[in-house]
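Position chain X against the provided structure of chain Y, taking the given hints into account.
Residue numbers (our numbering), protein chains in the order written: chain Y, 42 to 481; chain X, 760 to 1086.
Hints may contain errors.
[Stated by the list, open to error] Covered stretches of chain X (chain Y as the covering partner; in silico rule of three or more C-beta atoms under 8 Å from a C-beta of chain Y):
1. 867–878
2. 955–962
3. 1004–1018
4. 1065–1078
[Claimed, not checked] Not close to chain Y: a few residues of chain X, all C-beta gaps over 12 Å, as computed:
5. V859
6. M891
7. F897
8. W945
9. F968
10. T996
11. Y1022
12. T1024
13. T1050
Hints in this document: simulated from the structure, not taken from any laboratory.
Using N, Cα and C, we set each Cβ at its ideal position, and we do this for glycine too.
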Amino acid sequence: MFVKRFFKGGTNVPHYKNTANCETVKMGVPEKVIIPMIQHIGAPCEPCVQKGDTVKVGQIIGDSGKFISAPVHSSVSGTVVGVAPMLQSGGFYVPAVEIETDGKQEVYEGIKPPKYSNIKEFIEAIRQSGLVGLGGAGFPAHVKLSPPPDKKIDTLVINGAECEPFITSDYREIIENSWNVISGINIVMEILNINNVIIGIEDNKPEAIEVMERIDKSSDKISVVKLKSRYPQGAEKMLIYATTRRKVPAGKLPADVGVIVMNVNSVSFISEYVKTGMPLIKKRVTVDGPSVKNPGNVEVLIGTPIHKVFDFCGGFTVPPKKVLMGGPMMGLAQYSLDLSVVKHTNALLAFDDKSSKIPESGACIRCGRCVWACPMNLMPLCLYNNAIKENIDELNKYHVNDCIECGCCSYVCPAKINLVQSLRLGKAKVKQAAAAKGGK
Amino acid sequence: MEDRLTVSSSPHIRDKANTQRIMIDVVIALLPATFAGVYFFGTRVLLVVMVSILSCVVSEYLSRRIMKRSNTISDFSAVVTGLLLALNLPPTVPLWVAAVGSAIAIVVIKQLFGGLGQNFVNPALGARIILMISYPGFMTNWVKPGVDAVSAAASGVDAISSATPLQIMKYGASIADLPSYGELFWGNIMGCLGETSAAALLIGAVYLFARKIISPEIPFAFIGTTALFTWIFGGTTLFTGDFLFHVLAGGLLLGAIYMATDYATSPMTVKGRIIMGIGCGLLTGIIRLFTNYTEGVSFAIVLMNIMVPLIDRYTIPKSFGGEKAVA
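Here chain Y stands alone, though its shape is the one from the complex:
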């Protein structure tokens, strides 16, 4: 079982995996953490602490009654000094809990290894852990692990593709905590009664493949698949196709083809959590970019302000002009260094003046490169034309909602047109129009 596999479309991006050999360094406790109440896809949490409360490590400080949500825990021990709305880089306000740390890192009394004897209890335990997809999207893990009863899940795909440039956080997990990765896989396999596990890793990480291969030999249920390094190999639908040759139908979920996809960091966390009961309060973050003095992998407490993490890495060589949370292909540009590291932050990248210039868009020459590059087989330039004209019918005809926003179209465009940006706009317009129609 050692084949190179790929999907259609995509593009070759530079790897910039400068930090691949940087062992994870633990960062200390900052004086203050700010923990936003939304760190996942879904409903925001309601803060359940007030100004003046003392909190301990692992204590729940925010939760939601909604199914698609995940509780938020304190990553430190200390005193709540404020609960106030905070502007997130996604462009919306959510309440954030500000905690002044006492440095003692006292663990909350309620922390103990979870007990479960069936799927239902296991999934509740996972919910309590606050786990979200650690690959970057932040989809609540307990939702992912509870497919509708009529969907039979037969395959677990483990995402170690890490196709975004710069980021090495998944890679370091495989190298440093391979045993946790594999025991996490076994836990999920057992509880969900899955007999087929495929670990997909891009071929630019031979050491990671080697480590996983060794473990692969221990079980005939687990196999490692070497994937061609091609962006966006780690996108859920592309990864499922590359590893299982199954196509997730448009608008459907992996469960519809019997697959659950989990990031290596997510399964590794599950293993750790089952042992200790400590919820998700820390994250390995790749800190890199032309502006960073000492790039590396840092284990950061959730809620740590971004500037503290950069300080920990020796600060900046030149003042950054653009700071990203996530990779350069899909990461979110941050408006301030005071924002915090959240659960699904896998990288913090700082770019200097030169590398953060936004290229000027020219006229579309209809070269078709965006069409070849689109892994979803869409025609980005037609979507672009219709998005700027807000032509809802045409947007639907060109399948705007199938766009996964990977950014390949914008990346390859020789005229430097902001294609994916306009496609996001198109998706929003379609949603708006549908809502208006439904409202009538």
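This is chain X only, laid out in the frame that chain Y set:
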């Protein structure tokens, strides 16, 4: 304000490829054909090329300026149009005809329809057809390779006028007058100054494929269809046509590799491109064999150019895991 961070939409890195580089690549790919033209028809060819390019660039600059639009001559697309038009002219063409044609290509066909990427037919071909209708004499005044085109031009329109291989094939007295495949391949024949040497055009094609500037669907479908059509219907009985002759003679290679693949006027999907290529091939075959014209590549491409929006409309691809859209 100085230390504010830039907030922009992802992706935050871009590929190095840009429009200018693509256009320069096309110019590089056309250089062998240009030099072949100079080799066979003399240094006057260079003058025609230079006048065409200059006229295109000046027209682009002035028309953009008059329309109060941004200056776009640095994208090199006008240079490509000028060069392509020049390669589609007879070696004896008066320089003012080349200049007028270039101005028509840029102003009328390209800029009046919105500029780069918006033209509905290939500008160089559109201009060539207008020139052929306006100045049929100048546009069909062929010379033998090796004959000095300057003196040919000076000595009057019909002085050395002779027939192209396709004309000999269609109206010639004897098959013996036809050039050999070797002459056709190397370019030692009469014709437009850039279309005669198949060898030079193929070198450029290899470069374009290697640089991934063009994809193979249109050239292969176009040339293949023309070959098949002329093989079936080109002879005295069915399936006896001299298809190799039809591939090498006339403007087929120049058209199929460099003109039909023009981004703005060709479909974007693989399926659409194959349809475009087959359509061009069929029309070329029909015009060459069943009309009074000896050459049909220009008309075929321009007719298919007009079909492109329709082809695009009916070839919207199925999205990954999606249902096919109803057009």
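Cβ separation check - F968(X) to all of chain Y, threshold 12 Å: For F968(X), whose nearest Cβ neighbour in chain Y is about 14 Å away, the distance exceeds 12 Å, so it holds.
Q.
Under 8 Å between beta-carbons, do enough residues of the segment 1004–1018 of chain X, three at least, approach chain Y for the coverage claim to hold?
A. violated (count 0)
_Non-interface claim for T1050(X) versus chain Y (Cβ beyond 12 Å)_ = 31 Å, holds
Coverage assertion for the segment 867–878 of chain X with respect to chain Y, Cβ distance below 8 Å, three residues required: holds (count 4)
**Three-residue Cβ test at 8 Å for the coverage of the segment 955–962 of chain X by chain Y** = violated (count 0)
ask   = With d taken as the least Cβ-Cβ distance between T1024(X) and chain Y, does d exceed 12 Å?
value = Label violated. Min Cβ-Cβ 8 Å, cutoff 12 Å.
Check: Does the no-contact call for Y1022(X) survive, Cβ to all of chain Y over 12 Å?
Finding: 5 Å, violated
Inset, instruction - Confirm or reject the statement that W945(X) sits farther than 12 Å, beta carbon to beta carbon, from all of chain Y. - result: For W945(X), whose nearest Cβ neighbour in chain Y is about 32 Å away, the distance exceeds 12 Å, so it holds.
Please confirm whether M891(X) is truly not at the interface, meaning its C-beta sits more than 12 Å away from all C-beta atoms of chain Y. 26 Å, holds
Counting residues of the segment 1065–1078 of chain X that have a beta-carbon nearer than 8 Å to any beta-carbon of chain Y, does the count reach 3?
holds (count 5)
Over 12 Å to the closest beta carbon of chain Y is the bar; see if F897(X) clears it. Non-interface label stands for F897(X): nearest chain Y Cβ at 32 Å, farther than 12 Å.
*V859(X): least C-beta distance to chain Y exceeds 12 Å?*
With a cut-off of 12 Å, V859(X) remains clear of chain Y, as the shortest Cβ separation is near 26 Å.
Hints 2, 3, 11 and 12 from the earlier list are contradicted by this structure; the remaining hints agree with it.
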